[in-house]
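Asker: Sequence:
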Amino acid sequence: MDFGPNKRESWKNVLTLAYQSLGVVYGDLSTSPLYVYKSAFAEDIHHSETNEEIYGVLSFVFWTLTLMPLLKYVFIVLKADDNGEGGTFALYSLLCRHARLCSLPNCQLADEELSEYQKDGISSISKSFLGSRLKSTLEKHKLLQRLLLVLALIGTCMVIGDGVLTPAISVFSAVSGLELSMSKEQHRYVEVPAACAILVFLFALQHYGTNRVGFLFAPVVITWLLCISAIGVYNICEWNPHVYQALSPYYMYKFLKKTQKKGWMSLGGILLCITGSEAMFADLGHFSQLSIKVAFTFVVYPSLILAYMGQAAYLSKHHINETDYRIGFYVSVPEKIRWPVLVIAILAAVVGSQSIITGTFSIIKQCSALGCFPKIKIIHTSSKIHGQIYIPQINWTLMLLCLAVTIGFRDTKRMGNASGLAVITVMLVTTCLMSLVIVLCWHKSVLLAVFFLFFFGSIEALYFSASLMKFLEGAWVPIALALIFSVIMYVWHYGTLKKYEFDVQNKVSINWLLALGPTLGIVRVRGIGLIHTELVSGIPAIFSHFVTNLLAFHQVVVFLCIKSVPVPHVSPGERFLVGRVGPKGYRLYRCIARYGYRDIHKDDIEFEKDLACSIAEFIRSERPEHITRMENDEKMTVIGTSSSNSQGVSICADGGDDHEDSSEIVSAKSPEKPRKRVRFVVPESPRIDSEAREELRELMEARESGMAFILGHSYVRAKKGSNLMKRIVINYGYDFLRRNSREPTYALSIPHASTLEVGMVYLV
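Taking UniProt numbering, the leading residue of the sequence shown gets 1, the next gets one more, and so forth.
For the record, the hints were derived by calculation from the structure and aren't laboratory data.
Remember, predicted model here, so these are calculated numbers, not experimental data.
Take these hints with a grain of salt, some might be off.
[Unchecked claim] When the alpha-carbon atoms are kept at most 30 Å apart in a straight line, the in silico DSSO-like pairs for lysine-lysine are as follows:
| hint | residue 1 | residue 2 |
| --- | --- | --- |
| 1 | Lys79 | Lys142 |
| 2 | Lys79 | Lys140 |
| 3 | Lys609 | Lys563 |
| 4 | Lys563 | Lys142 |
| 5 | Lys140 | Lys499 |
| 6 | Lys635 | Lys584 |
| 7 | Lys499 | Lys142 |
[Claimed, not checked] Okay, the calculated beta carbon distance ranges per label pair:
| hint | residue 1 | residue 2 | range |
| --- | --- | --- | --- |
| 8 | Ile379 | Leu483 | 22 to 30 Å |
| 9 | Leu483 | Arg410 | 18 to 26 Å |
| 10 | Gln393 | Gln505 | 28 to 36 Å |
| 11 | Ser115 | Leu756 | 34 to 42 Å |
| 12 | Lys377 | His713 | 17 to 25 Å |
| 13 | Ser115 | Tyr244 | 46 to 54 Å |
| 14 | Pro334 | Ser115 | 52 to 60 Å |
| 15 | Ile600 | Gln393 | 16 to 24 Å |
| 16 | Gln505 | His601 | 23 to 31 Å |
| 17 | Lys140 | Gly721 | 24 to 32 Å |
| 18 | Val508 | Lys140 | 28 to 36 Å |
| 19 | Lys377 | Glu757 | 16 to 24 Å |
For glycine and all other residues, C-beta sits at the position ideal for the given N, C-alpha and C.
Sequences and hints are given; from them, build the entire structure.
Answerer: This is how it looks when you write it as structure tokens:
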């Protein structure tokens with residue numbers, strides 16, 4: 001049959017992606033056998049001759065791995081992707097679109113016409129009465145919208161906290177294998193420095209990018225999984241072939257009945273067997289649902305189960321508990337291969353740490369794009385592979401926090417308590433958001449959502465309560481980190497929102513502009529004046545300052561708004577919204593550049609070229625049928641980038657013929673010195689009238705004369721009469737973050753001579 005080869009090819013792609021995902025997604029999850037048993041038996045419970053404790057822990061590990069990563073994530077949560085993207089903020093973005101909520105202040109109805117918006121079949125009408133009531137309640141009540149945002153921020157901040165704790169516990173646990181090869185006194189002075197040295201090396205490598213060393217990741221994790229599963233099979237066959245009986249849920253009951261409160265508290269260590277599970281969903285954008293399912297179901301899951309069963313089989317026949325580490329991972333490794341396993345474990349820990357660090361970079365970028373984190377420097381480390389980024393400030397902050405945790409705790413018990421709380425909190429947030437997705441996005445029964453919330457939420461609440469009981473023994477760390485990052489995010493979001501509201505309230509009336517006439521009451525000189533604004537409609541107040549205080553201004557003025565929309569990607573063909581501000585003779589344009597929260601912003605030269613082409617294409621194709629009517633009756637046209645629109649206007653440079661083809665509008669050459677001419681190339685069809693041709697010529701001349709960037713420096717202050725909390729948040733918190741945040745992307749490489757900065761005081 002014809003479809004056979006295509007089907008084989010698709011499976012080949014799936015298997016290739018599944019292989020790659022082993023290195024990127026499952027490094028953290030696969031190294032959990034290093035510390036789960038040690039954390040579970042850390043002082044809370046003891047390994048007795050009856051083996052009830054070890055069998056109970058194995059049963060808990062088996063069912064936790066089966067219900068959480070396998071059932072919840074592989075079969076349910078992975079289906080709730082945001083056009084192929086996953087993670088806490090992807091769920092929040094999905095809910096925002098379906099319930100018509102938006103954390104971004106400058107959302108427009110025109111954004112809902114984006115193809116990415118329509119892909120998931122958004123319906124404004126829910127199939128159930130309760131679902132529609134829930135949707136309308138969320139849309140009406142601002143408090144519920146804020147609570148939903150806070151919930152998403154808590155989950156996001158816990159992921160960042162996990163980015164601090166996972167490298168620390170993974171590397172420290174891997175290095176702890178040295179304790180079996182040296183005395184306890186020697187080990188005390190070697191373990192922490194060795195772990196710190198590996199962590200510094202790991203973070204120092206980040207600026208090279210994952211793509212430089214990524215080809216090693218999958219082989220390392222595969223080798224590690226084969227290693228632990230082979231050791232597991234050996235221990236089962238050698239020590240206790242009947243250990244499989246402990247997989248029965250009955251042993252969980254016996255375990256809790258015997259150990260009672262201590263057994264319940266040990267669940268904080270057991271839940272570490274699922275650390276890294278969230279990466280399956282968070283890294284979905286790099287792979288596909290099927291590839292992640294195949295890799296986990298057929299490789300990772302059975303390998304982990306064999307590894308835990310092997311450790312339990314060994315420990316069931318070895319009850320000597322001379323020192324703390326006798327319950328750890330390395331004691332169950334045959335002595336002859338212990339050193340090679342130690343090396344593989346350290347490499348696997350580094351790979352696992354790499355995945356969570358990369359995930360932290362990605363989620364910080366998403367938060368920044370959606371207006372919930374200050375603008376920071378983001379470096380794209382690969383021109384070919386999407387999503388591989390490096391954020392210097394975050395990288396070094398994570399490194400310092402990792403070193404502080406490692407040096408401060410010095411043992412896996414407290415690190416495990418901290419990491420466990422971070423992991424289970426993220427899962428709880430995912431469960432809460434997923435229950436809303438089931439109703440609002442999938443339009444399923446509310447009863448199904450309640451069942452999902454109750455079933456998985458009760459399991460996670462059990463683990464969460466056990467972790468929270470160890471607040472003073474390390475669990476305070478992720479709470480402190482989440483609190484700090486949540487405050488930063490919420491202060492930035494609140495300040496940004498208030499600043500935008502001030503802009504909207506103080507924008508200039510169009511009647512004021514019309515009263516000035518086409519010259520704006522000043523001399524219009526050659527060049528393009530690019531005014532950056534957050535407004536998507538109306539005239540920003542900063543423009544009136546220029547007109548009233550300057551003697552001359554540019555012949556072409558563009559109000560540029562670079563905004564993010566709550567979708568992962570905006571196709572290049574829908575990048576720009578272009579329209580006029582005022583009559584044609586004023587030569588005032590508005591250009592809105594739209595980016596998804598995972599889109600890569602282009603470099604300045606290419607962006608400038610696309611901007612000029614988008615305005616030229618708007619002039620050429622300005623007809624009623626191409627126009628989108630905005631909320632305030634402004635008319636905008638959707639224009640793609642020059643590379644995405646082969647039939648549109650483009651820019652080319654040539655050597656100097658004086659001929660003028662009928663399909664080109666050539667700019668006037670500079671008489672001062674010979675140079676290449678830059679011109680708009682206009683398609684022959686449809687023909688344009690003389691007025692549009694003249695406007696294009698003016699635009700080209702203005703571009704040749706140079707582009708000036710007008711940037712507003714905002715000084716945001718709380719207005720008189722504001723309460724104390726608002727004054728602290730705005731005058732100190734937001735002001736500090738604004739002064740230490742990054743300038744707009746396109747403004748960084750602009751020559752100072754081409755930049756005009758104007759300060760304004762915002763009383764919010």
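Asker: Against which earlier hints does the structure fall short, listed by number upward?
Answerer: none
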